[in-house]
Amino acid sequence: MSFVIGVILLLTFFGLAYYCIKGHNLMIGFLVITIIWTALPLIGTLFVDQTFLEANKVLQFSDMKGLVKILNGIYQSAPEGWGTTLVNVCWGAWFGRVLMDTGIASTLIRKTVELGGDKPIITIALLNIVTAIIFTSMTGAGPVIAIGVIVLPILFSLGVPKPIALFSFMGSVAAGIYLNPVNFAQYRAFFIKPEEMPDFTLGWYASKWGYAAFGIMLVVTTVFTGIYLTRNKARHAWAAQSRTPQAAQKDAPLYTLILPVVPVVLNIAFNFSVIGGFVIAGFLALFLCGRMTGTFKENCQLVNKLYYDGVVDTAPLVGFLLTLPMFNAVAKYASPYFSVVIGDIMPRSEIVVCIVFALLLGMGLFRGPMTLVGCGAATLGVLSNVASFSVPFLYAVFAIPTITVNIGSCITQSWVAWGLAYSKVESKDFLKLSIPNAYVTGILQYAAIIIFLGGLGAEWFIK
Amino acid sequence: MGSMDREEFKRLMKPIADGLFGKQQGPRYEKPHYTVRPLNEMLKELAKVETVDYYRYAFSRDPINGKFTDEQRKSWAKEAVKCGKEYAQKIRQQYSTSEIQTIAKKLGLDVRYPDFPNKTDRVLFAEFHEPNIVEIYMDAMKKADKFLKDESISAIMKGHTKVSKIILAHEVFHYVEEKYSKEIFTQTEKTRLWSIGPVHNDSKVIAISEIAAMAFAEEINELAFSPYILDVLMVYGYDPEEASGLYEEICGYFDKEGLQA
Ligand SMILES: [Zn+2]
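Protein sequences, first through last, are from chains A and B. Heads up: the first sequence begins at 42 in the numbering used here, then just goes up one per residue. Heads up: the second sequence begins at 112 in the numbering used here, then just goes up one per residue.
Just so you know, not all the hints are guaranteed correct.
[What the hints assert, rightly or not] The calculated DSS-like cross-link candidates involving lysine-lysine, where the alpha carbons are at most 30 Å apart (straight line), are:
{"no.": "1", "chain 1": "B", "residue 1": "Lys-142", "chain 2": "A", "residue 2": "Lys-152"}
{"no.": "2", "chain 1": "B", "residue 1": "Lys-315", "chain 2": "B", "residue 2": "Lys-216"}
{"no.": "3", "chain 1": "B", "residue 1": "Lys-189", "chain 2": "A", "residue 2": "Lys-160"}
{"no.": "4", "chain 1": "A", "residue 1": "Lys-465", "chain 2": "B", "residue 2": "Lys-254"}
No lab work stands behind these hints, which were simulated from the structure alone.
Produce the complete structure using the sequences and hints provided.
Printed below as a string of structure tokens:
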């Protein structure tokens, strides 16, 4: 009987994958699957044989009180636990808005271009580095769009074909995400509760593997851009597009250009609070760039407005983030059934996991079963419950399809979709450039996992 | 009973179905909105402005524009126009014709006329690829030529009915630039971006090349208007609203008296 339920659960998993790939509403999709995965495994306990129940402690509940406790765990504690992550997301969004409003982000881009001049590949390399660094502290569609409307036209006017310019920019944004404390907190919560494993900090992760992942993605994307450019040499193009003049925005003072990295550096170096870093750097930016020269009331309104705009930027993500933890919690109850069906074929050694994931990287596209911000959350539930891997290892294994593939290379990523519309590039022309990059970058990053995160000690496993 | 109720039921269920099966909503790119203006009125105003006075518009597309002062931009623009016209005369004498297609052929250029750019960038009019290929995208040209049949517009353009010739001349200049890169102003004029001791990075100024190419196209085709007006004309073929926005932006670059003069 447990086998039959396992097969039904597996079918619903593929149904969810299909639903995600078709681009339907993720928040609702995960809510529905959570309800199914609650009902089937718990009702199933009435029909399965005794040995199966005895082998799986999570499925044992004696009375109504026990059942309610399980349900509360799924539908109350799990989303509540995600609250800490959500707060980080909101403050990060505020900080992103501050950098845009003060002109720091745009000045940084313009100054970078003025170092490179008429040599496209040098300018691109410099822009990619700066873009990646900026997105270690900014995240969300709002900031990506704000930087994109500056970077993309510059690349176009250097004669860089639009698909290549878009590819290069989106790849660099994703590289930055590898060291972004907000994204780190967000993905970390897929694996453990925020208070668990206090040693698994951004600083530790960065020094072990994060810098490598960041560097690999940045370098490979830039090299691919260079290769694409030499094959596609368009020196002069006559095109015209109206632009909303940003001339009104003055250059920010040079010394403020350091502020975007302050929260990340503080967090990595001293494990200093991420939100504290956002507050310090954010208010410094506002004061140093002369945005706080109004009356007290006006200043308060400005801070408030930036916060409001930032939260609106992240709103589409938040709904998904609120149902996802329920799903993460419920996967625990479904996994014994999965083990019965596919336990024998799931990879158990770290090297095999890396090889299989590297081969299946393409399934991180279109919200498929590899990406955490898509159906991959279900895969994680299955994988982590049938075999035992260290948390940092699993984190990195799933970070690659999530960041390199989904965020950096897929047209379902909100800001990539925006970029396609903005630069009038067709999806297939973008994917032709981004998929080879995703594979080369991803394979190198998996190699780095084996080197830097393989065979960690017992303290890195969930107790 | 029956169909009415079923319609009603469908209507009631729609929000639920959309919620479940609607697409994941992300930020969608929405073009800024402008009031659409009549093409002939815009062209009439733009045709009054000389190529050199488009310098702020030209420089607004230059990635290192922020490094220059307005005087610098203006004096470069003047020299660029001079350079473009000089080379037009030089080439005309050398090949004893003003016929740009003949000139392109004699220069050894491979001119192609595909309908669309193969990189699916729809609002792209022409490209020059090194070493000697010019591609002119006919879809854009045909749309533009259709406007020229309008009497009021053809009056502004003083009878020039082939936009592609103007565009070709512009791209031919980029080839000429490469050919004479050792001596031509647009390639020899550089600006120092930075220097640390003996290490430095000098850059050409893209806007200078572009202004010179426009002046070249103007001179060799003996136009009575600046080729810069084609930007608005050609964008209009795809999107009148965007063309109106572009027009507004361009006008913003002129001095107050610029348009009325
Ligand atoms: Zn040109």
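30 Å Cα cutoff - pair Lys-189 of chain B, Lys-160 of chain A: Distance ~25 Å between Lys-189 of chain B and Lys-160 of chain A Cα, so the pair holds.
30 Å limit on alpha-carbon distance, applied to hinted pair Lys-315 of chain B and Lys-216 of chain B: It holds: about 28 Å lies between the C-alpha atoms, which stays within 30 Å.
Restraint status (C-alpha distance of Lys-465 of chain A to Lys-254 of chain B at most 30 Å): holds (19 Å)
Pair hint outcome, Lys-142 of chain B versus Lys-152 of chain A [Cα-Cα no greater than 30 Å]: Status holds; Cα separation ~27 Å.
Checked against the numbered hints above, the structure violates none of them.
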